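Student: Chain residues, written in single-letter form:
Protein chains: 2
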Amino acid sequence: MEKKKIQLVAEPLTAEGFAPFGDVIEADPNSENHFSINGGLIERFNDLATIDVTPEGGRPLINIAICNKATALPYHIVFLERHPLGSQAFIPMDDTPMIVAVAPAQDHIEPSDIRAFITNGKQGINYNRSVWHMPMAPLADGIKMLMIDRGGEGNNYEEFHFPDVDVHLDIPK
Amino acid sequence: MEKKKIQLVAEPLTAEGFAPFGDVIEADPNSENHFSINGGLIERFNDLATIDVTPEGGRPLINIAICNKATALPYHIVFLERHPLGSQAFIPMDDTPMIVAVAPAQDHIEPSDIRAFITNGKQGINYNRSVWHMPMAPLADGIKMLMIDRGGEGNNYEEFHFPDVDVHLDIPK
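Protein sequence lines, in the order shown, are assigned to chains C and D.
Numbering of the first sequence is given in the UniProt record's numbering, commencing with residue 1 and proceeding in unit increments.
Numbering of the second sequence is given in the UniProt record's numbering, commencing with residue 1 and proceeding in unit increments.
Hints may be right or wrong, so weigh each one.
Any copy will do: because identical chains look the same in the list, a pair fits if it lies in one copy or spans two.
Here are the computed lysine-lysine pairs in the DSS-like style, where the Cα-Cα straight-line distance is at most 25 Å [claimed, not checked]:
1. K173 <-> K4
2. K4 <-> K144
3. K69 <-> K3
4. K122 <-> K69
5. K122 <-> K144
6. K122 <-> K4
7. K69 <-> K4
8. K173 <-> K122
9. K3 <-> K144
Rather than coming from a laboratory, the hints here were simulated on the basis of the structure.
These figures come from a predicted structure and were not determined experimentally.
Input sequences plus hints: build the corresponding full structure.
Tutor: This is the structure in structure tokens:
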């Protein structure tokens, strides 16, 4: 049987649109979550993501991810992954956009549940624990991201495959 | 009484030199803490800092700090501060060096206890809980850093003043 083809175009990431899946980590001057510190030298944008990594004795890890090679577009979503024991944040360190596809934190998902977003280059994202998401697909060679996720015992990785559909994900023209 | 003058020049930051005070957060290809993920697309530099924020019910915060104005050099160290309830990490998001002055996590410190470091622009740092450090002093206007520190109840801020000495901190020529 031939696979059903689905075309998906990433939409611009906003905090509101991403709220069901996690946090957008950005310095939004229109938000109310910032204030001056160090005698006015520095503006602090405060508490931008919920780190949720303690089930089964986990602890937060700070990591750096360096992308060896850009992904080809359109990206074929063969499966989504999730981390049942921890949130996972990616923050760009060189102003490069990221493409993310997500689906709700439920045991069974359909291709129609998938939402896709493209960041503006300055935005980071934090996936809530158990939210399905595509593997990180770098849009340029050599880009660097800070990752904050979970360390500890237990199985923190699951995959959900879509054997009958071919989901092509692209960025807006 | 005239204050005693002390000149301090920051030394290049290394993981070894900073070890008594905290972690250097960097993607060091000579380290053994990295491995490939996502089918070889990404190199993960793993677990680069110890987040220590749980005393008295604390939790980790992800924040962005944007520097309004660069500090004049030499920097006059009037006091050091510390956070007795949490570690504090700063990671540059635009490849800008940071200057940091630190002293050991003990109740009384002397000016001779102060060590100063300059980062290479790509390095972040994580101050261990209760390590004395100067307030973040941005070396350029507009630079952006990711901060990971503690949220929660309790007094997480102390200062140690040096009333009798004038410590001038500068970067290497």
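Student: All the hints need checking, so say for each whether the structure fits it.
Tutor: So, going through the hints one by one against the coordinates:
1. K173 <-> K4: Within one copy only: 23 Å inside, 64 Å across.
2. K4 <-> K144: Neither. Shortest intra-copy (35 Å) and inter-copy (45 Å) distances fail the 25 Å Cα cut-off.
3. K69 <-> K3: neither (28 Å within a copy, 57 Å between copies)
4. K122 <-> K69: both (20 Å within a copy, 20 Å between copies)
5. K122 <-> K144: Cα proximity of K122 and K144: in one copy and across copies (12 Å, 10 Å).
6. K122 <-> K4: Answer is neither: 35 Å inside a copy and 45 Å across each miss the 25 Å cutoff.
7. K69 <-> K4: Classified as neither; 29 Å inside a copy, 55 Å across copies.
8. K173 <-> K122: Intra 20 Å, inter 33 Å, cutoff 25 Å: intra-copy only.
9. K3 <-> K144: Answer is neither: 35 Å inside a copy and 46 Å across each miss the 25 Å cutoff.
Checked against the numbered hints above, the structure violates hints 2, 3, 6, 7, 9; every other hint is satisfied.
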